[in-house]
Amino acid sequence: METSTSITIHVPRELRVECDGARELSLSASSVRAALAELERLHPTLYRNICDETGAVRRHLNLFVNSAHVRERQGLETVLVSGDTLFILPAVSGG
Amino acid sequence: MAERVVVTIGTKKGLFVAEGSKTRGKFALRGPFGNGVPVYSSLIDTRGTPKLYGSSCNPWFGMKVLVSKDLGKTFKETKSAPAFPKEDGRALANIWSIEPGLGKKDLFCGVEPASLFHSSNGGDSWELVSGISNHDHAKKWQPGNGGLCMHTIYRDGNRIHLGISTGGHYLSEDGGATFQAANNGVGAGFSPDPYPEFGQCVHKIAGHKDAPGRLYMQNHGGWSEWTGPGGSRPDIGVLRSDDHGHTWRSIAKGLPTDFGFPIVVHPHDPDVVYVMPLEPTTRTCPGGSPAVWRSENGGDSWRKLAKGLPKKESFFTVQRDGMDVDHLKSPALYFGTTTGQLWIGRDGGEEWDCLFDSLPPIHCVKVAVV
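Each protein sequence line maps, in turn, to chains A and B.
Just so you know, my numbering puts 15 at position 15 of the first sequence, and the rest follows in order with no gaps.
Just so you know, my numbering puts 19 at position 19 of the second sequence, and the rest follows in order with no gaps.
Hints in this document: simulated from the structure, not taken from any laboratory.
There could be a bad hint or two in this list.
[What the hints assert, rightly or not] Listed below are several chain A residues computed to face chain B (Cβ distance under 8 angstroms; list not exhaustive):
| id | residue |
| --- | --- |
| 1 | E14 |
| 2 | L15 |
| 3 | R48 |
| 4 | N49 |
| 5 | D52 |
| 6 | E53 |
| 7 | T54 |
| 8 | A56 |
| 9 | R58 |
| 10 | H60 |
| 11 | L61 |
| 12 | P90 |
[What the hints assert, rightly or not] Heads up, incomplete: computed chain A residues facing chain B, CB under 10 angstroms, no partners named:
| id | residue |
| --- | --- |
| 13 | P12 |
| 14 | T45 |
| 15 | I50 |
| 16 | C51 |
| 17 | G55 |
| 18 | R59 |
| 19 | A91 |
Small disclaimer: the values here were computed from a predicted structure and weren't measured.
Heads up, the beta-carbon is just placed ideally off N, CA and C, and yes, glycines get one too.
Model the full assembly from the supplied sequences, consistent with the hints where possible.
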């Protein structure tokens, strides 16, 4: 029996204006890719700040599932389980 | 309200707006707008109620177009920014130019990777201009130091001239439906063929409404001592066309170097043209002594304009969109430097003053009287 996977997305301060100021969003998704697809559907302007028009995560953003960077797991195919938090964090870069 | 002189200054840390009276004595500065994000292009759109545009090129969250309808007191994002179709496979990396189109709300936007977008509603939605963006040559263009950028859009009625680095000069004579490479006489110092069909590193193109068909180009010069394939290519850096860009000839004789980025035409005299020569290797002021050079005869001869500018120890760069001229009866030039100074050259550049000396590195300067 398929069950929904309820996860939390942590929105960085700079992007909260794109989702009515929300610090966190709750949605159902079984993978990081599915979570981004849900973001595209529910919050398209927020999504465009996270992914470019090819669907790639922008170069200076990092995605973590709980404390693990997705590149250390299975990238966008990383499986999510209920209770996970997907952190979207801008890289520390610039000058 | 009395006319005001408005200067937009795109910097590494956002967009600034300077405003002064027509005497151009003092300017008030506002900004930065765009939250510390680089701005590579701006536009003061004087069609109807003036609007100020800036490209906010956010390395974290992508490209935005900012617009102000109150002369730069406040800015907000347009409803969308240019974006390639999802199936295209390209992703927008930078916005290098914003220019007015034919209709009152029409805009063009040149981007990296080199492509052209058009908006018919003041920037709220954008569509790819396929005639150049999917041109047969496009996959052969190579990025220059600034990336593969479409930095110049110069419209002359139904003709549209584009400058691409490094793609060269492309011309449409049918309103943008189709484009042809038009680089006859435009040299390239970095290829075995000194005059290829396309692939030149054009830096800027300028024209004048009172001289139809005449164009000036600052090309990537500095190849007089080149010893590679094809041999030396002196004087290919500053060029002129008198046939709508179909052919070009050098007008670089008399300049200290033919390398530079901006090229600007006097608002009331198409024979008067300004360049800012730079050392080709360092891309800074020759001998540490900056100067704008002016020709009053369409490029046949040049005169140095440096009164008020530092005489030594100045090693800044003025980037391709870093110089502009206002349209007052006795126009003033303005240039911004990579060391964060905004200079004004009153009386057509005869005498220079520094308006602001500690801004972030400046990418672009535009001025209008509104």
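Tested hints:
A distance limit of 8 angstroms between C-beta atoms decides the matter here; for E14 of chain A the minimum to chain B is near 7 angstroms, and the interface restraint holds. For L15 of chain A, the interface hint holds, the least distance from its beta-carbon to any beta-carbon of chain B being 7 angstroms, beneath 8 angstroms. Because the beta carbon of R48 of chain A sits about 6 angstroms from the nearest beta carbon in chain B, less than 8 angstroms, this interface hint is met. Of the supplied interface hints, the one on N49 of chain A holds, with its beta-carbon coming within about 4 angstroms of a beta-carbon of chain B, less than 8 angstroms.
Given the 8 angstroms rule on beta carbons, the hint for D52 of chain A holds: about 4 angstroms separates it from the nearest Cβ of chain B. A cut of 8 angstroms between beta carbons decides the hint on E53 of chain A: the least distance to chain B is about 4 angstroms, and the hint holds. At about 5 angstroms, the closest approach between the beta carbon of T54 of chain A and any beta carbon in chain B falls short of 8 angstroms, and the interface hint on this residue holds. At about 7 angstroms, the closest approach between the beta carbon of A56 of chain A and any beta carbon in chain B falls short of 8 angstroms, and the interface hint on this residue holds.
About 6 angstroms separates the beta-carbon of R58 of chain A from the nearest beta-carbon of chain B, less than 8 angstroms, and the hint is met. About 5 angstroms separates the beta-carbon of H60 of chain A from the nearest beta-carbon of chain B, less than 8 angstroms, and the hint is met. Against a cut-off of 8 angstroms between C-beta atoms, the interface hint on L61 of chain A holds, since the closest Cβ of chain B lies about 6 angstroms away. With a least beta-carbon distance of about 5 angstroms to chain B, the hint placing P90 of chain A at the interface is held under the 8 angstroms criterion.
Taking 10 angstroms as the C-beta cut-off, the interface hint given for P12 of chain A holds, the closest approach to chain B being about 9 angstroms. Hint status for T45 of chain A relative to chain B: holds, with the closest Cβ pair at about 9 angstroms, below 10 angstroms. For I50 of chain A, the shortest C-beta to C-beta distance to chain B is roughly 8 angstroms, which falls under 10 angstroms, so the interface hint holds. Because the smallest distance between the Cβ of C51 of chain A and any Cβ of chain B comes to about 9 angstroms, under 10 angstroms, the interface hint for this residue holds.
Because the closest C-beta pair between G55 of chain A and chain B is about 7 angstroms apart, less than 10 angstroms, the hint holds. Among the interface hints, the one on R59 of chain A holds; its C-beta lies about 7 angstroms from the nearest C-beta in chain B, closer than the 10 angstroms criterion. Because the smallest distance between the Cβ of A91 of chain A and any Cβ of chain B comes to about 7 angstroms, under 10 angstroms, the interface hint for this residue holds.
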